[in-house]
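Chemist: Chain residues, written in single-letter form:
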Amino acid sequence: MTTTIAVRSEQAALPNIARPKRAFPWKTFLRGAIIPAVVIALWQLLASNGAISETLFSSPWNILKEYYELTKTGELPHHLRISLVRASLGFLFGGGAGLLIGLLVGMSRPFEEVVNPTVQMLRTIPLLAITPLFIMWFGFGELSKVLLISLGAFFPMYVNTFLGVRNVDAKLFDVGRVLEFNWWKRTTRLVLPAALPNILLGTRLSLSIAWLCLVVAELLGAESGVGYMIQDARSFVQTDVVFVGITIFAIVGKLSDSIVRVLEQRLLRWQDSFKG
Amino acid sequence: MTTTTTKALLEIDNVSKIFRNGASTTHVLDRMNLNAAEGDFVTVIGPSGCGKSTLLKIIAGLDTDYVGTVSIEGRKVDRPSQEKGFIFQEHRLFPWLNVESNIAADLSLSKPDVRERVNELIKLVKLEGFEKAYPRQISGGMSQRVAIARALLRKPKVLLLDEPFGALDAFTRAHLQEALLDIWQKNRTTMVLVTHDIDEAVFLSSRVVVMDAKPGRIKSIIPIDLPYPRKRTGTAFQDIRTHVLRSLEHSDTEEPSYTI
Numbered sequence: 115m116t117t118t119i120a121v122r123s124e125q126a127a128l129p130n131i132a133r134p135k136r137a138f139p140w141k142t143f144l145r146g147a148i149i150p151a152v153v154i155a156l157w158q159l160l161a162s163n164g165a166i167s168e169t170l171f172s173s174p175w176n177i178l179k180e181y182y183e184l185t186k187t188g189e190l191p192h193h194l195r196i197s198l199v200r201a202s203l204g205f206l207f208g209g210g211a212g213l214l215i216g217l218l219v220g221m222s223r224p225f226e227e228v229v230n231p232t233v234q235m236l237r238t239i240p241l242l243a244i245t246p247l248f249i250m251w252f253g254f255g256e257l258s259k260v261l262l263i264s265l266g267a268f269f270p271m272y273v274n275t276f277l278g279v280r281n282v283d284a285k286l287f288d289v290g291r292v293l294e295f296n297w298w299k300r301t302t303r304l305v306l307p308a309a310l311p312n313i314l315l316g317t318r319l320s321l322s323i324a325w326l327c328l329v330v331a332e333l334l335g336a337e338s339g340v341g342y343m344i345q346d347a348r349s350f351v352q353t354d355v356v357f358v359g360i361t362i363f364a365i366v367g368k369l370s371d372s373i374v375r376v377l378e379q380r381l382l383r384w385q386d387s388f389k390g
Numbered sequence: 101m102t103t104t105t106t107k108a109l110l111e112i113d114n115v116s117k118i119f120r121n122g123a124s125t126t127h128v129l130d131r132m133n134l135n136a137a138e139g140d141f142v143t144v145i146g147p148s149g150c151g152k153s154t155l156l157k158i159i160a161g162l163d164t165d166y167v168g169t170v171s172i173e174g175r176k177v178d179r180p181s182q183e184k185g186f187i188f189q190e191h192r193l194f195p196w197l198n199v200e201s202n203i204a205a206d207l208s209l210s211k212p213d214v215r216e217r218v219n220e221l222i223k224l225v226k227l228e229g230f231e232k233a234y235p236r237q238i239s240g241g242m243s244q245r246v247a248i249a250r251a252l253l254r255k256p257k258v259l260l261l262d263e264p265f266g267a268l269d270a271f272t273r274a275h276l277q278e279a280l281l282d283i284w285q286k287n288r289t290t291m292v293l294v295t296h297d298i299d300e301a302v303f304l305s306s307r308v309v310v311m312d313a314k315p316g317r318i319k320s321i322i323p324i325d326l327p328y329p330r331k332r333t334g335t336a337f338q339d340i341r342t343h344v345l346r347s348l349e350h351s352d353t354e355e356p357s358y359t360i
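Chains A and B, in that order, give the protein sequences.
Note that the numbering used here has the first sequence beginning at 115, numbered continuously upward.
Note that the numbering used here has the second sequence beginning at 101, numbered continuously upward.
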């Protein structure tokens, strides 16, 4: 009665579970660094030759010195910490709400019909147009800033989560039914992981918008934060400090983006898509 | 048309389904009666559009828009549940889970009893060494075996298979048929298989149900008493094959395509 099952060759060879290794990580890094390095070198050269005014354009060296000074006095860490807290809080509230509402709207059509048109309408209003209202309602305090950032961070998260849920393979829902998934399991075991690529994209976009809104909020009126530092330096024509502010935004922005990308690589290992 | 066996596990009693599309009405299923005993291997075969997949979805509880009753162990089927394992034509694994997590699905592998059962099943479907592989890294035949293991982990009363090997190449298909037979003989799970492959039907089942299209209904039920493992090239096998083929061929001429 026993049927022997032929052991096929596919069972002999283990598939390559690890991703194909990307060529030396340093190489990737160096390739990305070419353009910034050239720009910085050129800038320094022109500034030290006197070809461009150091007062207006500063120079990489002066900016570095300014970094050192501001860190030593504790001014930069102070402003940076405040800015980071604002951006994180705003991202957490806005992104969290976007994820939650995006999920609900994605999973329920009646909910979509009620909520989505309004959200899409609000989405088109430029944030800068709402800022005066926020200041009138909530003053110049932390609340108006965090709310403004939340509002900005909400939309990319919402749109991408919604899209991600709607992209879930409908056939998998039948599997969920056969396996007797309840609403909670369907959400956490099926919809969330399937929509994860879009949710992570939403996270990246949301983070960058949060950063952008932070600057808007801080430039419009604040007594602290990197945006305030820039604004303050501008009135004293301290170009070096302005550049410190700008570059710190770039660095932190890139860093937060990189963190999400590492997350993407970890969490989306299962994806079978073109990798360039 | 009803075949009554010692103990009916699955009872399909007078099931009809009508599909309306504007003015036209199609009898997808017309007064189907079919029973399956515990440990039975029933194969439903018929031309495309005869409603065999619909029948399977009704048994699974995935389709509830019909008249008549379907019951398992005397309980009426009204929704999908784990006691009715379902294997789709495509494997439908969760692409973000590796093989063992796909088998466990919503159950936790850190629980010793789940772990143990999953390991047993991996052995049963011969996937040792692939526990950590993702669906994209394994072949279609292997994926389908994972899907079978996922269903079996839930200890189904009946395993419903909807043309499970239809999308595979001939070699993999033959191999999986043997694997399924092996699983059936070890577990004695009641199987209901839908296929359009006569060889597959004769090779696997203890009974072949031949269906007629438009309206979809049972044409004949052919018991197969050949001992397992069956030789596809044997004369007895070929005789039964011819018998099934003949009763299939009768299908087309009798009824008008549509009944209004």
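Please note: incorrect hints may appear among the correct ones.
Said to hold, decoys possible - Listed below are several chain B residues computed to face chain A (Cβ distance under 8 Å; list not exhaustive):
hint, residue
1, P147
2, F194
3, Y234
As the list claims (entries may be wrong) - With a cut-off of at most 30 Å between alpha-carbon atoms, the simulated DSSO-like pairs for lysine-lysine come out as follows:
hint, chain 1, residue 1, chain 2, residue 2
4, B, K223, A, K299
5, B, K211, B, K257
6, B, K331, A, K285
7, B, K232, A, K299
8, B, K226, A, K285
9, A, K299, B, K331
10, B, K257, A, K285
11, B, K226, B, K176
12, B, K286, B, K314
13, A, K285, B, K176
14, B, K255, B, K226
15, B, K319, A, K299
16, B, K223, A, K285
17, B, K211, A, K285
18, B, K257, A, K299
Hints listed in this document are in silico derivations from the structure and should not be mistaken for laboratory results.
Positions of the beta carbon are idealized from the N, C-alpha and C atoms, including for glycine.
Chemist: Has the given pair, B/K331 with A/K285, been kept, meaning a C-alpha gap of at most 30 Å?
Modeler: violated (36 Å)
Chemist: Against the 30 Å threshold, does the CA-CA distance of A/K285 and B/K176 hold or violate the hint?
Modeler: holds (25 Å)
Chemist: Checking hints one by one. Is B/F194 an interface residue toward chain A, by the C-beta closer than 8 Å rule?
Modeler: holds (7 Å)
Chemist: Between B/K226 and A/K285, does the CA-CA distance stay at or below 30 Å?
Modeler: Holds, at about 26 Å.
Chemist: Tell me if B/Y234 is really an interface residue toward chain A, meaning its C-beta lies closer than 8 Å to one of theirs.
Modeler: holds (5 Å)
Chemist: Would you mind confirming whether the straight-line C-alpha gap from B/K223 to A/K299 stays at or under 30 Å?
Modeler: holds (28 Å)
Chemist: Holds or violated: B/K255 and B/K226, Cα atoms, limit 30 Å.
Modeler: holds (18 Å)
Chemist: Can the restraint linking B/K223 and A/K285 be considered satisfied, given a maximum Cα separation of 30 Å?
Modeler: holds (27 Å)
Chemist: Quick one, are B/K232 and A/K299 close enough, alpha carbons at most 30 Å?
Modeler: Holds. B/K232 to A/K299 sits at ~22 Å (cutoff 30 Å).
Chemist: Given the hinted pair B/K319 and A/K299, is their alpha-carbon gap at most 30 Å?
Modeler: violated (42 Å)
Chemist: Given the proposed pairing of B/K211 with A/K285, does the C-alpha separation stay at or below 30 Å?
Modeler: Given pair B/K211, A/K285 holds - Cα atoms ~28 Å apart, limit 30 Å.
Chemist: Are the Cα atoms of B/K211 and B/K257 separated by 30 Å or less?
Modeler: holds (23 Å)
Comparing the model with each numbered hint stated earlier shows that hints 1, 6, 9, 11, 12, 15 do not hold.
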